[in-house]
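K.L.:
Model the placement of chains B and C on the given structure of chain A, informed by the hints.
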Amino acid sequence: MSSASHHAPHADTLAARVKAATGISLAQCYQCGKCAAGCPVSEEMDLTPCQVLRLLQYGQDKYDERAMRSAGIWLCLSCETCSTRCPQEVEIPKIMDVVRAEALKRGIAHPKSKDILAFHRAFLDSVEQTGRLYEIGLVANYKLRSGHFLKDVMLAPKMYVRGKLGLLPHMIKGTAAVKRIFKRTLGSKG
Amino acid sequence: MRIGYYPGCSLLGSSREFNESVKAVCEAIGLELVEVPDWNCCGASSAHVLDHELSVALPAKILAQAEAAGLTEVLAPCAACYSRLIGAYSELEKNPDHKTRVSEIIEMPYTGAVKVVNVLEVLERFADVIQAKAVQPFARKVACYYGCLLVRPPKVVNFDRPEDPQVMDQLAAKVGATPIDWPFKTECCGAAFSVTRTDLVAKLCGKIVDSAVKLQAEALVVACPMCHSNLDMRRPETNAALGKDLQIPVLFLTQVIGLAMGIEPKKLGIQRHMVPVAFNAPTGAQA
Amino acid sequence: MSRIGVFTCHCGENIAGTVDCPKVAELTRQIPGVVHSVDYKYMCSDPGQTLIKEAIKEHKLDGVVVAACSPRMHEPTFRKAAAEAGVNPYLCEMANLREHCSWVHEKNEATTQKAADLVRIMVEKVKHDTPLTPIKVPVTKTALVVGGGIAGIQTALDIANAGHQVVLVEKSPSIGGHMSQLSETFPTLDCSQCILTPRMVEAAQHPNIKLMTYSEVEKVDGFIGNFKVTVRKKAKKVDEKACTGCGLCVTKCPNKKIPDEFNEGLAFRPAIYVPFPQAVPNKPTIDTANCTYFKNGKCGVCSKVCPTGAIRYDQEDELITMDIGAIVMATGFKLMQTDKFPEYGYGKYKDVIDGMQFERLASASGPTAGVIKRPSDGKEPETVVFIACSGSRDRAKGVPYCSKICCMYTAKHTMLYKHKVHHGQAYVFYMDIRSAGKDYDEFVRRAIEEDEAKYIRGRVSRIYEEDGKLIVKGADTLMNGEPVEIKADMVVLATAVQSQDRSEDLAQTLHISYDKYGFFAEAHPKLRPVETNTAGIFLAGACQAPRDIPETVAQGSAAGAKVAALFSQDELTREPIVAVVNRQAPPLFSTCTGCFLCQTACPYQAIEQEEIKDRSGRVIKTVAKVNPGLCQGCGTCVAFCRTKAIDLAGFSNEQLFAELMTL
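Chains as they are written, first to last, in the working numbering: chain A, 66 to 255; chain B, 8 to 294; chain C, -4 to 658.
The hints are simulated quantities; they were obtained by calculation from the structure and are not laboratory data.
Be a bit skeptical, because a hint or two may be false.
[What the hints assert, rightly or not] Short derived list, chain A residues pointing at chain C, Cβ under 10 Å:
1) Cys100
2) Cys104
3) Tyr123
No residue lacks a Cβ here, since even glycine has one placed at the ideal position from N, Cα and C.
So that you can see chain A by itself, here it is in the shape it has in the complex (with noise of 0.2 Å):
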């Protein structure tokens, strides 16, 4: 690191979008490990959670990036056992939801997102569409999206004859308002 941009950071950190958007400093975070001591994913990412936490605290765009571009930010669960016992009462898993955010919105998401993304977005998709949650619908467009398309086959017949799967969506009476809630939230930030 250059001393000299170590001294100036710009406004635009994502350490400054983080404090905006949820008005958690990142200077809160003393880097104990204790997040990542409890996280159940965290011998599963690539960078834990407080070496995400440790990046943004640079300010610096190379450090932010490397952040975004990160696969582990893709594996919270948001099951909050970090920020339940941080001493520093720093809310990880909502610092998490604006590192992927951004990283989305810049197209630098890693790869191994494409999967997790794929379900959220066809999920988003269900619910814009009828209001409601319709499984069977999530699933097929999951695999459309996805391309995985073997996936979980043998347990749709399990379901089903349980009585798991309804076979129509629920339509709600307030469709129209919702896809307007879509519009103004998730619609109007591309």
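P.N.:
Below, chains B and C without anything else, positioned relative to chain A:
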């Protein structure tokens, strides 16, 4: 007594036995459930990943519908819905100026008049009634599994204690079960990764199921459809990851209570589980 | 007309660098009332002071303004010089040309003008100053030391050795405090009891020390040199004079299952007990909350077996009131309990213990006679995890501060463990190693390099039990936050140092300040570390902040020295800057209307009610009166007084208005 009811999408589909058993138990204890009119999906574990404002607006719409229907309290049995609803409620209480913006987005007034409660909270109020009606004690050793969303984040849900919670254990004990003291009550099951990262879910569920069996539990008891589907529906993958064949059934707490009250198993949707609800001969717990 | 002299100091370049000092002297010479004005390079130097003294005599000055630095440093210097030349010291004032002017402004005309204005203000003040005489109050040369741990013992011994009387009050049945529970002490590993016991005995036998154990301070009135203190001597239910300390009652007591406080719950004690073998005084006390006789009137074994008939079931608490000249608070600390850690099992795992419990396990006088055995099954633990910062530096747990002693005692614990369990492995989870102190860091290095403690930089997220082991889930932040899981046989939490229970209540009883964590507040964090804001009350040890033994002892001696200095005089001289409630001729007597808002507002309890009576003794009016011994001159009452009946000597309303009007 009446209370607002938000079943949520899963309870109409993959977790309909939770819906069935909640309704059956509430009917038995004399609690009338008033469904929130024309409710929409809460956004669950997806909305917040893609857009924070959306993840607040969808639950706010539900609460605003409840408010318009004159309800003051809404029961959300699904732990994921509960978490999104109370999360949005808490965020809007913390930033009252956001209420105006959210009202504009959802095209109806949101004032924060409706409180959100989970199924354990509601049943706890009827603990004595439940105990009195438990004519066929559920005399089994059970591992009560709370998952993440009922107790975390503690400052938002403000319910039970964040580690080693007790309310479900106490309720199970009221109907004759013996809850085990075990360390995985609030370890994450993998939640929404069921479809996308089944391998991870299998690994996480493996630790939970294995620990419960090791400590001689005869059933896992849950209060969350996501936990249930991961622990039940993903059992083949879980067993494969463990290299074991664990057949411990996973029941919703409302099913356990319903069975103890003598409600017909079919009415509680017991037959809908992937891992069959079957037990060995009664254990010492009955004696 | 006044004859005031102005003396402008250059303070080397400090003032003269930005302020034109000769110009200030010239400008201020023209102020009405000023008859002499000069500047000089260093006014505080000997020649500078001589210059002032000679000018006073030569020009018959009746007031002095020294335009120099902050009065905090040199006001006493110049007032003394003025007094030596025959001017009342309170007619000598300082204008602060340094902090208030030269250090904060650029060099230019305006800066010099401001300097002259600052002098002008002080000239007006001097014109309205009245000669004041220091207040004298008598001193009772008996000190009260509250708390009988090492802090209180050291303080009491130092005061007693200086020839003064000391009352040492301790709430538990024996003096000794936490130090008596420790095994060995860092950084030398000498036995705690071996170095402490002689001091305990010395304190007990000292002719100048009166020991009051099982006693608590109930009420404190009065002021520096003249406190009136009431102490509750709780009933031990044993006649201390008749008791020979034979211990028969303790042996025969049938109720032996009471958790032993001295052993931190790792052993049991009877209902009549001596806290530990070296206790001072070595006489038993009945724990009435747990004694069968006091619970249901049956038993009475101790009374039956006592050879001297010393058991007194009907003994009552005694309230003893005494005259005290100075008080030293040495009430120590407590440790956060393990049940405050949800993630570590809420205290439900028997083998998750705190640092003090480990001390008892390692202590030769402890429940295992110094053999390391884990509490659950008495097995020797082969893997022990130590967790530093347990609850400390943890704002979520309400303790954002560093507990200071844990890094060192944890290193010590790993050594003691290794010395006793040679094949054992100690792990330490830490965030930073704070080992500043003589031979401290070397000590920690020894634990790591010679005794092979494995230090892992990270906090532990969770502990749970599985297959008879404690699973400790931590992370190594020096390895990218990689999760680290250790299967341990025992875990020692270095839990946070906290203020004693009810320390706030005690502070309120004494009218001393405390911080938001319940630690007693020092008067100044650097320059008055053992004094409180209440004159005559001092602090020693961990009741002020987390401290280790060397610091505690140093502070105890410091507090002792402060008390000895106070007692070296028969009378106290105090600054006469105190509030005065006016008195006038009858029929008004005073403009005070007796609303006593001032009494509520006064932080020092310095305001009393005075009845003004006629010749027949009938009360005509009740008005406020300031006790000059207690008043600290803060001026709060002046601001509160609705009828302007109170004025502060040296800072009267009239003076302040004159100072403002001159600008």
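K.L.:
I'd like to know which numbered hints this structure contradicts. Please list them from smallest to largest.
P.N.:
3
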